[in-house]
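Quick mapping for you: the protein sequence lines, in order, are chains A and B.
When the count follows the working numbering, it moves up by one through the first sequence with no breaks and lands on 265 for the last residue.
When the count follows the working numbering, it moves up by one through the second sequence with no breaks and lands on 315 for the last residue.
The set of hints was computed from the structure by calculation and includes no laboratory data.
Honestly, I wouldn't trust all of these hints.
What the hints assert, rightly or not - Not everything, but these chain A residues come out facing chain B in the computed CB check (under 10 Å):
(1) Ile-13
(2) Ala-15
(3) Leu-17
(4) Val-18
(5) Leu-32
(6) Ala-33
(7) Leu-70
(8) Ile-115
(9) Leu-117
(10) Leu-125
(11) Leu-143
(12) Gly-146
(13) Gly-222
(14) Pro-236
(15) Gly-237
(16) Leu-242
Here the structure is a predicted model, which is why all the values come from computation and not from measurement.
Just so it is clear, CB atoms sit at the ideal spot from N, CA and C, and this is done for glycine as well.
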Amino acid sequence: MARVGAVIVLMTILAALVGPWVVPYDPADQVLADRLARPSMRHPLGLDELGRDVLSRVLAGARISLLVGLFVVAASAGIGTILGSVAGYYGGWIDELISRIIDILMAFPGILLAIALVAVLGPSLTNVVVALASIGWVGYARLVRGQVLRAREFEFVQAARALGAPVTRVIGLHVLPTVLAAVVVQASLGMAGAIIAEASLSFLGLGVQPPTASWGTMLAGGRAHLLDAPHLTILPGVAIALLVLGFNFLGDGLRDALDPQRPHH
Amino acid sequence: MPVVYDRPAMWRYLARRLLLTIPVLVGVATLVFLLIHLVPGDPAQSMLGEGAAPQEVAALRSRLGLDQPLPVQFGRFISGLVRGDLGTSLRTGEPVAASIASRMPATAELAIAAMVVALLIAVPLGVAAAVWKGTFVDHSAMTLALVGISIPNFWLGPMMAILFAIRLGWLPVSGRGTIAHLVLPSVTLGAALAAILARMTRASLLEELRELYVTASRARGASRARAVWCHAFRNSLVPVVTIVGLQFGSLLTGAIITETIFSWPGVGRLLIQSINFRDYPMVQGCILLIAITYVMINLVTDLVYGWLDPRIRLA
Numbered sequence: 001m002a003r004v005g006a007v008i009v010l011m012t013i014l015a016a017l018v019g020p021w022v023v024p025y026d027p028a029d030q031v032l033a034d035r036l037a038r039p040s041m042r043h044p045l046g047l048d049e050l051g052r053d054v055l056s057r058v059l060a061g062a063r064i065s066l067l068v069g070l071f072v073v074a075a076s077a078g079i080g081t082i083l084g085s086v087a088g089y090y091g092g093w094i095d096e097l098i099s100r101i102i103d104i105l106m107a108f109p110g111i112l113l114a115i116a117l118v119a120v121l122g123p124s125l126t127n128v129v130v131a132l133a134s135i136g137w138v139g140y141a142r143l144v145r146g147q148v149l150r151a152r153e154f155e156f157v158q159a160a161r162a163l164g165a166p167v168t169r170v171i172g173l174h175v176l177p178t179v180l181a182a183v184v185v186q187a188s189l190g191m192a193g194a195i196i197a198e199a200s201l202s203f204l205g206l207g208v209q210p211p212t213a214s215w216g217t218m219l220a221g222g223r224a225h226l227l228d229a230p231h232l233t234i235l236p237g238v239a240i241a242l243l244v245l246g247f248n249f250l251g252d253g254l255r256d257a258l259d260p261q262r263p264h265h
Numbered sequence: 001m002p003v004v005y006d007r008p009a010m011w012r013y014l015a016r017r018l019l020l021t022i023p024v025l026v027g028v029a030t031l032v033f034l035l036i037h038l039v040p041g042d043p044a045q046s047m048l049g050e051g052a053a054p055q056e057v058a059a060l061r062s063r064l065g066l067d068q069p070l071p072v073q074f075g076r077f078i079s080g081l082v083r084g085d086l087g088t089s090l091r092t093g094e095p096v097a098a099s100i101a102s103r104m105p106a107t108a109e110l111a112i113a114a115m116v117v118a119l120l121i122a123v124p125l126g127v128a129a130a131v132w133k134g135t136f137v138d139h140s141a142m143t144l145a146l147v148g149i150s151i152p153n154f155w156l157g158p159m160m161a162i163l164f165a166i167r168l169g170w171l172p173v174s175g176r177g178t179i180a181h182l183v184l185p186s187v188t189l190g191a192a193l194a195a196i197l198a199r200m201t202r203a204s205l206l207e208e209l210r211e212l213y214v215t216a217s218r219a220r221g222a223s224r225a226r227a228v229w230c231h232a233f234r235n236s237l238v239p240v241v242t243i244v245g246l247q248f249g250s251l252l253t254g255a256i257i258t259e260t261i262f263s264w265p266g267v268g269r270l271l272i273q274s275i276n277f278r279d280y281p282m283v284q285g286c287i288l289l290i291a292i293t294y295v296m297i298n299l300v301t302d303l304v305y306g307w308l309d310p311r312i313r314l315a
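Here chain A stands alone, though its shape is the one from the complex (with noise of 0.2 Å):
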């Protein structure tokens, strides 16, 4: 499954490189005169509401939805890495005060919080990414502090401590290691997540403004022609699910492979 789940992701990858090489429209390119065009030899996915090539504009949403993913998980990550090290190989108040705010975070579901900042930040991509990174992190810093709260007992930790080596050396050379293959799991897993967040963003008129395309706008424009034109609702969404699904299983196959602890299938 994790193979499987892999070479979606690489796919995806490649074809969100490429793609815009290969097809030769404009995804923002319209041809009013053949809107809502089926799909045939000249456009294999057809037109959407405003005569533009639907597989253009899967292609150049790829791009958008891997982008967000990467963005919003690489800020995620880092922010919780370092905040949950800290909370965790400190202790104290300050362990204290983070694990509240995490509290609280962890009180709002989902990604209501997203659309709450969005809703007052106004929908762009950029806000898009700072609001699914501002409650993001959060998951991480609470996976990581509680690892380093066990790797913090580790005798190779407590005999650099002992040894006079800096926190920095401690946290990054020998008790970050050992965390890195949890943060790794929750990262493609967090990956499917950012990719259906932007994209919910997205149909909800939250997230990426037209014309730039994306996944969840091209389904919110589909809506309105789920009668005469269901290509315009259909692939955008295989799309979505498909990239979903490959983040998901490679994340569950990491899981697998990563963690010694788990009977391996």
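Chain B: place on chain A using the hints.
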């Protein structure tokens, strides 16, 4: 076990869990209060639009108390909150609390229906996967579950609408009123949860099936079906019940999208409409209500779990 009747331990657990909820609620309220101050520029100007006259903007700023110092604004917000006063909608002029309250039954109805749908799909699927572990049934069920988690509800909804409402004409596309109206939204909302619960049910039942009491009942001559249903299945439900509680809150956010797709007149749709109109008091009210409901459901889940499982409250 004598600890089951250990009332002081249960009360201590109850008190500790309730006390832990207070800072979370205060934090949630503070964040929601601060939201309006994250609006770039002047929130009053933003709500009225760029073309609004300066007098109008000043009047709105004063009406919302935005011209007061921050601590005063916060004090007013909290005291209003305690009295159930969340301000007035800029769009309709109605009290925010009353507008939300009138939409609550629709959201609750949708969330409960989605939970029922999720359980009806997940439990048989999870049990079948566990009982026939490693077989074709197991692999199919778990692949189906992973697909279910990966399919976004804003795609599943329109797809089902195309099939069941437009092509087959069996169900209405949108609106609320009859049971038929509830089918598509609740399946859309419940599908992802069904997938999570199916995986959970499978894992939990597999764990119970490995326990000695199951082997013992088989040794006493109980049939496999009896060992599964009468012994392992009941015990395997405890963690599933917890997940049901914890996931109920996530249904509230899923409802935001589902309500938008099917024009379901609930709190989620009200939130999105209010965001589009920059009706910030209503946005704050909806976010606050959804978050508080989520915290409360989690609290009740924890308490029920503590009551079901003495190890939790003694920890």
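- List, from low to high, the hint numbers that the structure doesn't satisfy. When the structure is compared with the hints, numbers 1, 2, 3, 4, 5, 6, 7, 10, 11, 12 turn out to be violated.
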